[in-house]
Every structure is written in C-alpha cells, then in structure tokens.
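Colleague: Sequence:
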Amino acid sequence: MTDLAGAVDEVAREIDFSGVVRIERDGAVELDVAYGWAHRGWRIPNTTTTRFALASGNKGFTALAVMSLVEEGTLSLATTARSILGEDLPLIDDGVTVEHLLGHRSGIGDYLDEEGGRGIDEYVMGAVHELVTTEDFLPRLEGFPMSFPPDDRFAYNNGGFMVLALLAERASGVPYHDLVAERVCGPAGMHETEFLRSDELPGGVAVGYLDMEEVSRTNVFHLPVRGNGDGGVYSTTIDMSAFWSALFEERIVTKASLAEMVRPRSEYPEEDRRYGLGFWMFESGDAVFLEGYDAGVSFRSVHDPGRALTWTIISNTSEGTWPVCRLLVEALPH
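Residues in the sequence shown are numbered from 1 upward in steps of one, following the numbering used here.
Possibly wrong hints are sitting among the right ones.
Computed spacing ranges between beta-carbons, pair by pair [unchecked claim]:
#1 P333 <-> G143: 42 to 48 Å
#2 R197 <-> L91: 28 to 34 Å
#3 V132 <-> W42: 50 to 56 Å
#4 D88 <-> D16: 23 to 29 Å
#5 P333 <-> R13: 20 to 26 Å
#6 G86 <-> P149: 49 to 55 Å
#7 E249 <-> D88: 34 to 40 Å
#8 G95 <-> T49: 18 to 24 Å
#9 E10 <-> T49: 23 to 29 Å
I should point out that these hints are in silico values taken from the structure, not numbers from a laboratory.
Remember, it's a predicted structure, so these values are computed and weren't measured experimentally.
No residue lacks a Cβ here, since even glycine has one placed at the ideal position from N, Cα and C.
Work out the full structure, taking the sequences as your base and the hints as a guide.
Modeller: And the structure:
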C-alpha cells in the first residue's frame, strides 16, 4: 500500500488535485488523504473529514428510499408514474413505471440531458435559487417529449430521478430530503451527509470550483441551490464507508431488495459498465459503485463485497477525481 500511496501522491501533484481519497479493506483504513483547498479565497485546506458535494452520487440514495417504500407496500416496481402524477407532466407515457425510472429505461425527456454535447461546466440552469423543494422542480421537468417507448433501452436520465423523488414524496407524504435522512442516512449512521444549500454552506464543507485556467470561479450558478432526487447531497469519505457497510449488512433494505438493485438490467459498453436499479457495476465482477460528475464536483465510491474492499474519491473540481480513479481501477482491479 506504500507504493499505492506514493502513486496517489504523484498523480495528485501532477494534476493539482483538490479532494480526498480513502481506501478500506476488511474494515481497516489503508489510505486516507486530503489535498488542495476547500475554499481557495480563504486558503482553507481540505481535510479527510471535509464534506463534499457528490453530484449524482445520491441517485443510489434516491433508489434506496424508493425501494424501502416498495418493501412496505407504499409503492411497487410496477407503479406507474401517471397513477401518482395525475395531470402533471402530461408528456410522460402512461406506461412508465417506477422500475423503468430506477433503471434509466423510462424514455422520458430529460430536463438535464448530458448527451447534448456541452461541457460539464457549460450548464447554467438559471434561477437556481428557486430550486429548493422537490415540487419546485416540477416546472423544469415539463415540456420534454418521450425519447423512446418505456423499457426500449437504457439512457441515463437525470429527470427520471427527479420524477422518482416526486413519486416517493407524494406517495409517502414525507418530503424527499426527510425520506433520505430517515431511510438511508439514519440507518447507515451517515451523520455528516445532508442536502445543504450552496449559498449557506457551513464550516467544514468544500466549495465547488469550475475547471478554468484564468479565474477561480465557483459552481454556485450552475446547480440547484439545494440538491434533490438526481443529485446534490454533501457527504464525506467516512460516511460513504459507513453507507456501504450498512447496505450490505441489510440495515437499509433487505437482502432480496438489494439483490434486485445490483442485478444488471442494462449494458453500457461505451463506458465498460452495467446498470441495475440506482447502482452501477463494472463490465464484470461483483463490485458496485456510485458516481457523480457535475460542474465543480466529481466523485466515485466503489464497494467490492467479495474482497471487503471500499474506496472513495471526491473532488471539489469538475475533473479532479478521474485521473486518481484511473489509477485505483488499475491498482485495485475489480
């Protein structure tokens, strides 16, 4: 592990990495390091306990909150979006189900289409201060026609997970943020994981920065002021380790539900990966991972239950995680 620690240091120096890296095996921490600045203006360094935004990393949390509602009978995988949305979002096909949305196979039009050809730092949502509650997103989700029939194929879809948050909230009568806190973070002991407002970040939280050469600009105008079903939670590498332990110890959902969620439903050969319900898997092997990529945020957390191996990388820049990630994928093959 000394050689790997040195290799991580070398890559971190080469790319001026800002973020954290943690590796655990059999419950023992093998590497836990931090680099760069949580706040560049005030020269506040990142530490191994700094909280970072995870972008789409919390899609897995959304999926688990939904699956917990399925377990108790409030929802089912066959529940149609239309049965809960009523007249809202009329362009969503009546046949779209919870299962389609969880597996990115719904075909609904995406309000934040990542296949549009723009760089990750070029997305500017406009009026981001208005996006605080789940229902606040409803006008942003309107007006996008179906891209293909339900269950026709896999297509990564941010809007689908915002619709899931709406369905979960309306079906349960509990606000989405509270659902995740009560059904995922609480059982997992994730005490530092929270949907924070980007315009009132407390101490100990990293500010996200765009990858720009001439200026140091934050991502505050690029993302909703408070994250929701498709991304935006803040967490730590320590909490992510607690998450994986809780998940595979059946403290969040049952073994049967987890098996359904990590059963590959779709192949994504362009990225050498597969997808289940809320979770990514590599092209082969049993390792499961969550990933996030947005303006000023990059994140991956991997858990291999067969080897009791967990590793997490989080950066408060758009691209910082990926060079370190490539190193760990090669050094710790799944």
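Colleague: All the hints need checking, so say for each whether the structure fits it.
Modeller: Outcome of the hint check:
no. : hint                      : verdict
1   : P333 <-> G143: 42 to 48 Å : 44 Å, holds
2   : R197 <-> L91: 28 to 34 Å  : 30 Å, holds
3   : V132 <-> W42: 50 to 56 Å  : 26 Å, violated
4   : D88 <-> D16: 23 to 29 Å   : 45 Å, violated
5   : P333 <-> R13: 20 to 26 Å  : 24 Å, holds
6   : G86 <-> P149: 49 to 55 Å  : 22 Å, violated
7   : E249 <-> D88: 34 to 40 Å  : 38 Å, holds
8   : G95 <-> T49: 18 to 24 Å   : 46 Å, violated
9   : E10 <-> T49: 23 to 29 Å   : 24 Å, holds
This entry does not satisfy hints 3, 4, 6 and 8, going by the numbered hints stated previously.
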